[in-house]
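Enquirer: In case you want the letters, here they are:
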Amino acid sequence: ELKVEQNPLFLSMQEGKNYTIYCNYSTTSDRLYWYRQDPGKSLESLFVLLSNGAVKQEGRLMASLDTKARLSTLHITAAVHDLSATYFCAVDLNDYKLSFGAGTTVTVRA
Amino acid sequence: GAGVSQSPSNKVTEKGKDVELRCDPISGHTALYWYRQSLGQGLEFLIYFQGNSAPDKSGLPSDRFSAERTGGSVSTLTIQRTQQEDSAVYLCASSLGAGAGELFFGEGSRLTVL
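Protein sequences, first through last, are from chains A and B. Count the first sequence with this note's numbering and you get residues 639 to 748, in order. Count the second sequence with this note's numbering and you get residues 76 to 189, in order.
Hints listed in this document are in silico derivations from the structure and should not be mistaken for laboratory results. No residue lacks a Cβ here, since even glycine has one placed at the ideal position from N, Cα and C. Hints may contain errors.
[Said to hold, decoys possible] Here are the simulated EDC-like cross-link-like pairs (lysine to aspartate or glutamate), alpha carbons at most 20 Å apart as the crow flies:
id: 1; chain 1: A; residue 1: Lys735; chain 2: B; residue 2: Glu143
id: 2; chain 1: A; residue 1: Lys679; chain 2: B; residue 2: Glu119
id: 3; chain 1: A; residue 1: Lys641; chain 2: B; residue 2: Glu119
id: 4; chain 1: B; residue 1: Lys132; chain 2: A; residue 2: Glu639
[Said to hold, decoys possible] If you want the ones that stay clear, here's a sample from chain B, every Cβ over 10 Å from chain A, calculated:
id: 5; residue: Lys86
id: 6; residue: Glu143
id: 7; residue: Glu160
id: 8; residue: Ser170
Model the full assembly from the supplied sequences, consistent with the hints where possible.
Expert: Shown next, in the form of structure tokens:
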């Protein structure tokens, strides 16, 4: 059974500082996804990482994938308030069935 | 449609009643998924439909849960004899096809069983 672990589960960020969310998974896979969920809303796709060494950036967010270490990171640069949300990573089990982490709830304070 | 549409957005029911949740996927998306999100938890896979293939029902938690997809488009998730532990947000997602990458999620149906 594929296990996907995120840490931390809760992250209080100070505006302007940098932070990293980690996503570890237990079984070989080279397809990893990051989603964002605002309270009461659905999940919005952020990044799709499809190979070892893949790095994608959008604004203040950058995601990377190391399939050998079975690790993905989501790096936040100079946090701002509108990044407050819950972030999920998800890993392919077998081409279609995504296994999700528990989510990291991010709060950005002034 | 422009996005995945789910209804109802909120449903409060009494224990023992049956409920139906509806999902209308993005037009042209052949793959459709149901996930369940309990309070403060991650997403739990329930069922997957791909075109005319037999669905993967391996995530359904009990035989009280069933789902169908008519005409390769709209899907209905049915929960019979609801229990309090069924309370959760039920999320539907669609994608272009198997292995097609990212899923596009609806806003979910929040089910509360009293």
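Enquirer: For each hint, tell me whether it holds in the structure or not.
Expert: A quick look at each hint next to the structure:
The hinted pair formed by Lys735/A and Glu143/B meets the criterion: a straight-line CA distance of about 18 Å does not exceed 20 Å. Our distance criterion of 20 Å between C-alpha atoms is met by Lys679/A and Glu119/B, whose separation comes to about 17 Å. A distance of roughly 12 Å separates the Cα atoms of Lys641/A and Glu119/B; the hinted pair therefore holds under the 20 Å criterion. For the hint linking Lys132/B to Glu639/A, the alpha-carbon distance of about 16 Å falls within 20 Å, and the restraint holds.
Once the 10 Å rule is applied to beta carbons, Lys86/B is consistent with being away from chain A; the minimum gap is 15 Å. For Glu143/B, the condition that its CB be more than 10 Å from all CB atoms of chain A holds, with the nearest at approximately 18 Å. No beta-carbon of chain A comes within 10 Å of the beta-carbon of Glu160/B; the shortest separation is about 18 Å. Listed as a non-interface residue, Ser170/B fails to keep its Cβ farther than 10 Å from every Cβ of chain A; the least gap is roughly 8 Å.
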